Amino acid sequence: MATVRRTWWRTALGLLFTAVMLFPLYWMLNVSFTQRSAIRNADLFPRHFTLDHYQVVLHQQLPFLGTSLVVGLGTVALTLVISAPAGYALSKLLVPGRRALSFVLLVAQMIPAVVMALGFYTIYTRLGILDTLPGLILADSTIAVPFGVMLFVAFMSGIPRELLQAAEIDGASTWRTFRSVVMPIARNSAVTVGLFAFLWAWSDFLFASSLNRGGGKLRPITMGLYDYIGSQNQEWGPLMATAVLASVPTAILLIVAQRYVAAGVTAGAIKD
Amino acid sequence: MSTGVTTVTARRSAPSGEHERGRRRGLRPTQWAGIGFVAPLVVYLVVLYAYPLYENVSMSLHRFTRATFVTGQAPFVGFDVYREVIGSPQFWPTVRQTAVFVVVSLVFQYAIGLGLAVFFRRSFPLSSLLRGLFLVPWLLPIIVSATTWQWMMDADSGVINRFLGLFGADPVWWLNAQHSLMSVTIANIWLGIPFNLVILYSGLQNIPTDLYEAASLDGAGAWRQFWHVTFPLLRPVTAITLLLGFVYTLKVVDIIWIMTLGTGSSQTLATWAYAMAFGKGASSVIRYSQASVLGTILLLIALVMGFVYLVVQRRQED
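Going down the list, the sequences are from chains A and B. Residue 33 in numbering that gives the first Met the number 0 sits at position 34 of the first sequence, and the numbers go up by one each step. Residue 42 in numbering that gives the first Met the number 0 sits at position 43 of the second sequence, and the numbers go up by one each step.
Read the hints as simulated data drawn from the structure, not as lab findings. Model, not experiment: these values are computed from the prediction. We treat Cβ as the ideally placed atom computed from N, Cα and C, and that holds for glycine. Careful, some of the hints might be misleading.
Claimed, not checked - The calculated DMTMM-like cross-link candidates involving lysine to aspartate or glutamate, where the alpha carbons are at most 25 angstroms apart (straight line), are:
1) LYS279(B) x ASP79(B)
2) LYS279(B) x ASP153(B)
3) LYS216(A) x ASP130(A)
4) LYS279(B) x GLU83(B)
5) LYS216(A) x ASP42(A)
6) LYS216(A) x ASP226(A)
7) LYS279(B) x ASP130(A)
8) LYS279(B) x GLU234(A)
9) LYS279(B) x ASP226(A)
Said to hold, decoys possible - Going by beta-carbon spacing under 8 angstroms, a handful of chain A positions derived as facing chain B:
10) LEU14
11) LEU15
12) PRO23
13) ALA41
14) LEU89
15) MET115
16) SER202
17) PHE204
18) GLY215
19) LEU238
20) SER246
Excised from the complex, chain B in its bound form:
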């Protein structure tokens, strides 16, 4: 059931394992065999990654309209569209909302995930079954979870408002323009807990138990053990978790889109790009070039994060 462990350990160990192989090669087959076996992947990456990304960047430098697909006319305008998008009154508020969405999601996902990982570290009856069940929300289609959250947050008949009502609270309009950022962030935190739990749990497994024994011999209680053993030794795993979490949260579209169509305060850079690209939700008009400007910005962030990941990983190997 704990599928994620594979994902994570494999992702983290792949480059290092292969790196090690490169140094002590026993067998020396011809390079041609290697090229032959890797060629389909290279062709695939060029056709299905490089080409769409090239199209995206090219679109951001040309003025594309709906008519472009008929006439083929899209004049080159350099960085004009970039200036328009960044200068638009929606840009900075959207950046701010995206930042709130990402940072608040990360903080809570990590804190709750770590708490649960520590809780599950010592096994107890049913612990592995329960830990497995925690992964289910992660593996379900996001549209399913998002729909359920949308109904739970319904202002009149949603179960959350009913529950709050038991304590005499007034109904909250979860999905209106003002509150929607908070609501989608809550749902997104819920979605991200399994991922954090899995990585941090596998990180905890690598901390030698004798360190805890030594600490408890020195009279450190559970709280001090956490802050002086667990937390510092988990720092490399924490860095990777937060980094990947950042990248994954930044590109979230579906959970927000299903719940609010990215309206009001829940508009992020990714949902704004989606709305403009396909003329839905906040943007009733299709704006390909503007959408691809945002796409290119997101792409650059992903690229930078890729480099940061490499640097972090290399520093951990040393």
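So here's chain A without its partners, still in its complex pose:
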């Protein structure tokens, strides 16, 4: 009886902590559903309920959402193509200078994006690929590639050697082993890497605001939101509705892909 009471108490406290932590997100939803005239009342729930903000915003932001989707998927593809083979090589094959490469990947994750943005800006101006989607995809992928390689290395070094040797005895080439043996096993890691690559590209503000300022409608949703922030008379209703739209993929991915992520977590946990 005493234990039941104690855990109940912990659950109540846990709910309280979570409510405090998630309050800003609740507030975003609350404002997005409140009529324009009532927003400044700061009511605790949308007493003057409306869907108008969403109606306005959905129409305006659709091109930006589409662009973000394209940039996100492009970044996922590029990240996987580069990081999966590299992860295989660094975990299972002979690579000269492997330790140095690992160090480079570690430092790469620590470099401030603003430094990268400045360098990209100069290069892109010279090459004429400023304000283009491929340019933005290339830049966004730099957030995810080092992480991707390190995650694949961590997972793939746990694949039993015997499996790869068996494939070799059957006459499979290294490429064939990679494609037909290693990648199917590492599928969950690939989903995890892809998921994070997508979320980071979707969330990116810095590269989009510096390398894709003049992209017009071909700019990601973070820029659609930033346009609202930058305007002189800030309309908080549509602004918050846009913020909610920009958060949707995070929510969907968390719900739909949770299974894969959980599998990736177990793999990571075993390594530890």
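On the provided structure of chain A, position chain B as indicated by the hints.
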């Protein structure tokens, strides 16, 4: 939902796992296969990391102006721009603000993250769901969170001032020049809690439960167990958490930029570089060379931190 565990454990275990592999290699494929598989990554790193960074450093040693892009003229000036930037009246105040932002963020993120990790260590009904929900702020676009904080901190109609008003407090001008450093630090602490919670929680999982049993047999209460078992055994994880937290906080731009445009006391080295590079906010004029000087300084700090990370990790392996 606890995606971060993968991130963290993978990041920490990657070098050691691979290190171990290197010693007992069963299979010996040709080196060519390895080189072939790693070649795209090497090309990628050279083109998309080394080249932009080289451009950045080179720009800091030349005098770049807006006209440079038209005329191609950027005279080499050595360390002149470095002297100008470091000698400017804004430099040391900005360094101080950056230090306050980083240190205060780290202290609170770590303390709150650790408190929550200890709280969630013993499972209770709904504990894994709630722990999962704690990660949501981490995975949302920062611009979304920053915008929401900006509105919550509005002086007239923000919910925070309304709440403080219930206790008779005067409205705080959160986002003005004087208070903006405090405000962006608060928002940044909130953003960093999930990361600290995840790493420290996974660190707690590795502490054997029999140590706690032994401690409680010896009559140690929860408080003493924390200070004599949890905290000392968590020291390696703490070192990594603070180190990564330092690096991540130092490079923060977007949360500050969205809330205050890096104006007033909220200007840090990173936002100052961003403002000068793209001629926004505190710097209405584009100053490429000055921005890249700050960029190079940040780059050097990242490099040093990379070495520190290696040293810390190697010492922990021994």
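Hints and how they fare:
1. Straight-line distance between C-alpha atoms of LYS279(B) and ASP79(B) comes to about 24 angstroms, which keeps the hinted pair within the 25 angstroms bound.
2. Distance hint between LYS279(B) and ASP153(B) is fulfilled; the C-alpha atoms sit about 22 angstroms from each other, no more than 25 angstroms.
3. With a C-alpha separation of about 11 angstroms, the suggested pair LYS216(A) and ASP130(A) falls inside the 25 angstroms cut-off, and the hint holds.
4. Restraint check for LYS279(B) and GLU83(B): satisfied, since their Cα atoms lie roughly 20 angstroms apart, inside the 25 angstroms limit.
5. Of the pairs offered as hints, the one joining LYS216(A) and ASP42(A) is violated, with about 35 angstroms between alpha carbons and a cut-off of 25 angstroms exceeded.
6. Taking the CA atoms of LYS216(A) and ASP226(A), the gap is near 11 angstroms; set against the 25 angstroms cutoff, the hint holds.
7. For the hint pairing LYS279(B) with ASP130(A), the CA-to-CA distance comes to about 18 angstroms; that is within 25 angstroms, so the pair holds.
8. For the given pair, LYS279(B) sits about 22 angstroms from GLU234(A) by alpha-carbon distance, which is consistent with the 25 angstroms threshold.
9. For the proposed pair LYS279(B) and ASP226(A), the alpha carbon gap of about 14 angstroms is at most 25 angstroms, so the pair holds.
10. Given hint, LEU14(A) at the interface with chain B, holds; its Cβ is 7 angstroms from that chain's nearest Cβ, closer than 8 angstroms.
11. Checking LEU15(A) against chain B by beta carbon gives a least distance of about 10 angstroms; that is not within 8 angstroms, so the hint is violated.
12. The interface hint given for PRO23(A) is met, as the beta carbon of that residue sits about 5 angstroms from the closest beta carbon of chain B, less than 8 angstroms.
13. Evaluation of the ALA41(A) hint against chain B yields a held restraint, the C-beta minimum of about 5 angstroms falling below 8 angstroms.
14. Checking LEU89(A) against chain B: minimum C-beta separation of about 6 angstroms stays under 8 angstroms; hint holds.
15. Hint status for MET115(A) relative to chain B: holds, with the closest Cβ pair at about 5 angstroms, below 8 angstroms.
16. Annotation: SER202(A) was flagged as interfacial toward chain B, and the flag holds, the nearest CB pair being 4 angstroms apart, inside 8 angstroms.
17. For PHE204(A), the suggested interface contact is upheld, since its CB lies about 4 angstroms from the closest CB of chain B, less than 8 angstroms.
18. Interface hint at GLY215(A): violated, since its Cβ lies 18 angstroms from the closest Cβ of chain B, which is beyond the 8 angstroms cut-off.
19. At a threshold of 8 angstroms, the smallest CB-CB gap from LEU238(A) to chain B is about 6 angstroms, leaving the interface hint in force.
20. Annotation: interface hint on SER246(A) holds; nearest CB of chain B at approximately 5 angstroms, less than 8 angstroms.
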